[in-house]
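What follows is the residue order along each chain.
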Amino acid sequence: MKVLVAVKEVAEATDGFEIDGVDIDRRHLAYGLNEWDEYAVETGVRVAEQFDDAADDADAAGADTEVVSVTIGPERAEETVRTVLAKGVDRAIRVWDDDIAAAELDVAAKTRLLAAVAAEEEPDLILTGVQASDDEFGATGVSLADELGVEWAAVVNRVEVDDALARARVHRELEGGVEELSEVDLPAVLTVQVGSTDPRAASPIGDGPDAEPIERRGLADLGLDAGAVESPFRRTGASVPDRGVSTTYFDGDTDERAAGVADLLRDEGVVDG
Amino acid sequence: MSAGADAEGGVLAVVDHRRGELRDVSFEMVTAGRSLVDAVGGELHLAVVAGDVERFAEMLDVEGVDAVHTVADGEEFNHDVYATTVEALYADLEPEVLVMPGSVNGLDYAPAVANRLDLPLASGAVALSTDGGDVEVTRRIYRSKLEVTVAVEETPFALTVRDGAFPVTDNTGEAEIRPFEVAVDESALGSRVLGFEEVGEAIDVTYADLLIAVGRGIGSEENLELVERLAEVTGGTLVASRPVVDSGWVERSRQVGQSGQYVRPTVYLAVGISGAAQHVGQMENSETVVAIDRDPSAPIFDVADYGVVGDLFEVVPALVEQFEGDETDA
Chain C
1 MKVLVAVKEV AEATDGFEID GVDIDRRHLA YGLNEWDEYA VETGVRVAEQ
51 FDDAADDADA AGADTEVVSV TIGPERAEET VRTVLAKGVD RAIRVWDDDI
101 AAAELDVAAK TRLLAAVAAE EEPDLILTGV QASDDEFGAT GVSLADELGV
151 EWAAVVNRVE VDDALARARV HRELEGGVEE LSEVDLPAVL TVQVGSTDPR
201 AASPIGDGPD AEPIERRGLA DLGLDAGAVE SPFRRTGASV PDRGVSTTYF
251 DGDTDERAAG VADLLRDEGV VDG
Chain Y
1 MSAGADAEGG VLAVVDHRRG ELRDVSFEMV TAGRSLVDAV GGELHLAVVA
51 GDVERFAEML DVEGVDAVHT VADGEEFNHD VYATTVEALY ADLEPEVLVM
101 PGSVNGLDYA PAVANRLDLP LASGAVALST DGGDVEVTRR IYRSKLEVTV
151 AVEETPFALT VRDGAFPVTD NTGEAEIRPF EVAVDESALG SRVLGFEEVG
201 EAIDVTYADL LIAVGRGIGS EENLELVERL AEVTGGTLVA SRPVVDSGWV
251 ERSRQVGQSG QYVRPTVYLA VGISGAAQHV GQMENSETVV AIDRDPSAPI
301 FDVADYGVVG DLFEVVPALV EQFEGDETDA
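Going down the list, the protein sequences come from chains C and Y. Residues in the first sequence are numbered consecutively from 1, following our numbering. Residues in the second sequence are numbered consecutively from 1, following our numbering.
It is possible that some hints are incorrect.
[What the hints assert, rightly or not] Here are some chain Y residues the structure puts well away from chain C; computed CB gaps all over 10 Å: (1) Ala88; (2) Thr172; (3) Ser187; (4) Pro243.
[Claimed, not checked] Short derived list, chain C residues pointing at chain Y, Cβ under 10 Å: (5) Glu12; (6) Val22; (7) Val107; (8) Glu147; (9) Val155; (10) Glu173; (11) Glu183; (12) Asp185; (13) Ser231; (14) Thr236; (15) Ala238; (16) Pro241; (17) Asp242; (18) Thr247; (19) Asp272.
Simulated from the structure, these hints should not be mistaken for lab results. Ideal placement from N, C-alpha and C gives every residue a C-beta, glycine not left out.
Can you build the whole structure from these sequences, using the hints too?
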């Protein structure tokens, strides 16, 4: 079986960041593996390991499993890709070229790029994080599924794949401590929620992560042209969210301040009794 | 099966419900939809899919809504049914803007619908500007630390609305209720919802009256008793910031700062929470925020309407005492 995991190198804003134009000044950005994708990688590696174990038990031939990662990102992202290779991913693909670099990638553009890679790889299962912490689209995985004409499930925190690779049973984490239990036909795209598993640390054993080649693809390699990454969205402004709040402080000794809060809660009508 | 051609142009918003209840984001989407209609013209139509659609439609007849399309297909959310239905409604109504919720279920169908209809998707809107007929979407990025405005240079387009970001619309309206039928071959669906499971206590913390949120300032698991007691005497619901949940002191269903989960209680009482950007981004739309923290420069005070600068280990017991009096009186 083959698992494809779409991972993103995200930019995190450092404390006290400054804005330059319509984005954060790049000197105030730090890069790393998207938190949600870390869980997607772990989920993918675990599913593959279960199939490996099952194949060992049955001494079955041809039950090869492979976990492949795909990343849209510049050369800098290879550092992040190395960390997923060290977390059990077997092979990595990085998609980038000058046209992609010049584009503002929206959900549709990412969908086209990832769909082209998925069409090449023909995985049984595609995993990615619920969202990227920097773009906060929360949409690419489900959009990709539709583009590929396969099933999907969003915000998944548990996955069981049946032996025949016909379907997956998933738990979806809804609001308020409720989980939905669903079954989807395979192949499928699942978007994985933070906290769903216990991600392993990167491991330095084996051939060593540096030895793994990272395959590169540009638009032309994927049978696409610059039109695939055009976007109708144009960023026009950036600011720190204006909270616009002035704070009233309760003064006095501890009891007086507590009484102030208590009166407020009663006035708001949110206290029982 | 026509839902009526008079809605051409305009806005179609697909409301959100779960287990027999309309979620509040539905009424927030009405507010967003009304503002979009100002920009693109036409009418504001809602669609409610699955469940007790007639009862929902009556509740959805609020100010500014021209029509509510009801699709009685199944009881609960299924993304294949939703995607097929919204695709059919879209084809019939040809709206300029298709609005869907940014809820967990919205995340499970809105991107698929946008893709199959070839609509650009602006996800997670927290505000809209419609000056001069041009739509600009405000959304948050970098864990909600940055707010950006994005001009949409093409219509039609699709939009998802972040939970709790827009005020609700509630005055009674004059909407026309129109049943809409879509042929969905249930046996051909590639996904099946098998059921629900409650993890710990099933509490939708999104719209509680009083959320009592505990942060790292609590120091240790043993100290949690203090805020648990406060929740008990006030009838508030205990939630926690991410570090507290990560420590395993409070279950994850009570975390504020989880993806896709935004809270908007009447009162948010933050205890020992410094106010990391990702936390603030998910609770700042609370109606009233009260913060108790020893550090006067803690960012939580930037979003607090009321503040107590002080040691929570003194203030919280004093606050509990205020309400223990009530208990004895009652």
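Consistency of the hints with the structure:
1. Ala88: Per Cβ check, Y:Ala88 is outside 10 Å of chain C; nearest 15 Å; holds.
2. Thr172: Non-interface label on Y:Thr172 holds, nearest chain C Cβ at 23 Å vs cutoff 10 Å.
3. Ser187: It holds; Y:Ser187 is separated from chain C by about 13 Å at its closest Cβ, greater than 10 Å.
4. Pro243: Nearest chain C Cβ is 13 Å from Y:Pro243, so the label holds.
5. Glu12: holds, 7 Å
6. Val22: holds, 7 Å
7. Val107: holds, 5 Å
8. Glu147: holds, 6 Å
9. Val155: At about 5 Å, which falls below the 10 Å cut-off, the nearest Cβ of chain Y leaves the hint on C:Val155 intact, so it holds.
10. Glu173: holds, 7 Å
11. Glu183: holds, 5 Å
12. Asp185: Hint holds; C:Asp185 Cβ to chain Y Cβ min 4 Å, cut 10 Å.
13. Ser231: Interface hint status for C:Ser231: holds (7 Å vs cutoff 10 Å).
14. Thr236: Since the shortest Cβ distance to chain Y is 5 Å, the answer is holds.
15. Ala238: holds, 5 Å
16. Pro241: holds, 4 Å
17. Asp242: holds, 8 Å
18. Thr247: Check passed: Cβ of C:Thr247 comes within 5 Å of chain Y, closer than 10 Å.
19. Asp272: holds, 3 Å
The structure meets every hint from the earlier list without exception.
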